[in-house]
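Generate the whole structure from the sequences, applying the supplied hints.
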Amino acid sequence: MKIIELEPWELSLAGVLVAALAACTFSARLGVTRSLLISAVRMVLQLSLIGLVLRELFEARQPLWVGIIALVMLAVAGREVSARQKYRLRGMWGYGIGTGAMFVSSFAVSIFGLAAVVRADPWWDPRYAIPVLGMLLGNTMTAVALSIDRLTVSTWQGREIIEARLMLGETGRQAVSDFAREALRSGLIPVINSMAVAGLVSLPGMMTGQILAGNPPGDAVRYQILIWLLIAAGCGFGMLIAVRMAAGRLFDERDRLRLDRLAGDGQANKLIG
Amino acid sequence: MLQVEHLCFLDWGPLSFSVGAGQCVGLSGESGSGKSLLLRAIADLDVHEGEVFLEGKNCVDYPGAAWRGSVAMLAAESRWWFDSVGLHFPEGDHEPVLLKLGFPGSEVMDWEISRLSAGEKQRLALARLLVRGPDVLLLDEPTANLDPRSTSLVEEVISEYREEQQVPVVWVGHDEEQLKRVANTALRMHGKQLEESW
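Taken in sequence, the protein lines are chains A and B.
In terms of numbering that gives the first Met the number 0, the first sequence opens at residue 0 and continues consecutively.
In terms of numbering that gives the first Met the number 0, the second sequence opens at residue 0 and continues consecutively.
No lab work stands behind these hints: they were computed from the structure.
We treat Cβ as the ideally placed atom computed from N, Cα and C, and that holds for glycine.
Warning: the hint list may mix true and false statements.
Claimed, not checked - Under 8 angstroms between C-beta atoms, here's a sample of chain A residues computed to sit facing chain B:
{"hint": "1", "residue": "ILE160"}
{"hint": "2", "residue": "GLU162"}
{"hint": "3", "residue": "LEU167"}
{"hint": "4", "residue": "ASP177"}
{"hint": "5", "residue": "ASP254"}
{"hint": "6", "residue": "ARG255"}
{"hint": "7", "residue": "LEU258"}
Said to hold, decoys possible - Only some residues are given here: those of chain B computed to face chain A with a beta carbon under 10 angstroms:
{"hint": "8", "residue": "CYS58"}
{"hint": "9", "residue": "PRO62"}
{"hint": "10", "residue": "ALA65"}
{"hint": "11", "residue": "TRP66"}
{"hint": "12", "residue": "LEU73"}
{"hint": "13", "residue": "ALA74"}
{"hint": "14", "residue": "ARG127"}
{"hint": "15", "residue": "PRO133"}
Okay, structure coming up:
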């Protein structure tokens, strides 16, 4: 069974749909027409480019190149996490905590999945490594960004509660614990929900792709199960690390709440209290 | 004995004063003069320079949380984060202090936070602080939301705790009459410095 090849002119038929949507948003003055078109063009260019890169990568089969591509993916995901924050930790922390958490969780979980479960030869075979890492990074990125954002926003809004708890002799970690728990919960719930409806409501993208490419549904399903278990673990551990580090950074060695370490909204410098 | 030496925060200070065991210092000054900031600095909630000693032991020699457990600050506006009153209290029987503050007794522990009045919150915040047995009280307008009867109950409870436990008290207030009742000496914050008031 061979996949039906898609020609550029056939793809442009689908593009007409987005162009029609853009015409609608323009006439409705939604103010998103520009970014809609730009992101559609970006998507086409980026994917075409990555298609070329992956073709070269699969042929070359060099561990160095796989590593470089993986690091570039991580760096972009880290930038994306820090760009999604309403209040960012100042200095390198804003970027470092999200990136570090994704590095530990996505990389470790990917390597585990590749080396212990898939057992490709070699285990870093780019045909397996890059898609697995990409799926993991894409999902942990959302989860980590969501949980850090939730933590910093609720700390910012709940600063008087946190300080009231400090005044009763609690440590910073105790005082922020309810907010940290809530942040972890809010990051994990989308993962849990999407696992719960997998196959019933949504056919996951990777599985769909494999089935379209002509693989037997049984194989596609087993890979999808693997990916989803890895995603759940990667998101969970990534958020645990990120929230723990971010929460630690919100307090200093004297257990004071240090909101001056957060920047954002143009009011982070305002005097507290 | 609480000693504050050359305390500086933002552009306040240096501020120095001390409060002996079982003594109460009244602290007055206009709104925005920095009275609350001074209490926050003593409780080590804000970054500051200078030193604070409790019974001769430097603040920096305590872990931050342990210091605030001893040098307890009562904020002008109390905050509550659980649903019921009791969850904010440590384990134990708190009936005596609740009765003294004009509450019917331990059943208060089951009350919902959302149904408390401002005055009830303020009195319960004091109870929640005292049952932890602090060694210093930093009180930021502890009777601001209270009617005359509750005000005198709160004054009595604080005086009793101060005398029985022999703890130093810093009492921030606007009401000169009240400060004369509760404090032994008084300071005034003026132009980012402390002046002796009486």
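Cross-check of the supplied hints:
Because the smallest distance between the Cβ of ILE160/A and any Cβ of chain B comes to about 5 angstroms, under 8 angstroms, the interface hint for this residue holds. Contact between GLU162/A and chain B, as hinted, is supported at the beta carbon level, the nearest pair being about 6 angstroms apart and thus within 8 angstroms. For LEU167/A, the interface hint holds, since its Cβ comes within 8 angstroms of a Cβ in chain B; the closest pair sits about 7 angstroms apart. Satisfaction of the interface hint for ASP177/A is found here, the shortest Cβ-Cβ separation to chain B being roughly 7 angstroms, below the 8 angstroms cut-off.
A distance limit of 8 angstroms between C-beta atoms decides the matter here; for ASP254/A the minimum to chain B is near 3 angstroms, and the interface restraint holds. Of the supplied interface hints, the one on ARG255/A holds, with its beta-carbon coming within about 6 angstroms of a beta-carbon of chain B, less than 8 angstroms. Hint status for LEU258/A: violated, given a least beta-carbon distance of 11 angstroms to chain B, over 8 angstroms. Taken as an interface hint, CYS58/B checks out: its beta carbon lies about 9 angstroms from the nearest beta carbon of chain A, inside 10 angstroms.
Annotation: PRO62/B was flagged as interfacial toward chain A, and the flag holds, the nearest CB pair being 7 angstroms apart, inside 10 angstroms. Given hint, ALA65/B at the interface with chain A, holds; its Cβ is 7 angstroms from that chain's nearest Cβ, closer than 10 angstroms. Hint on TRP66/B holds. Least Cβ distance to chain A is approximately 8 angstroms, under the 10 angstroms limit. Hint on LEU73/B holds. Least Cβ distance to chain A is approximately 8 angstroms, under the 10 angstroms limit.
Given the 10 angstroms rule on beta carbons, the hint for ALA74/B holds: about 6 angstroms separates it from the nearest Cβ of chain A. Annotation: interface hint on ARG127/B holds; nearest CB of chain A at approximately 7 angstroms, less than 10 angstroms. The beta carbon of PRO133/B comes within 8 angstroms of a beta carbon in chain A, closer than 10 angstroms, and the hint placing it at the interface holds.
Hint violations for this structure: number 7 only, all remaining hints satisfied.
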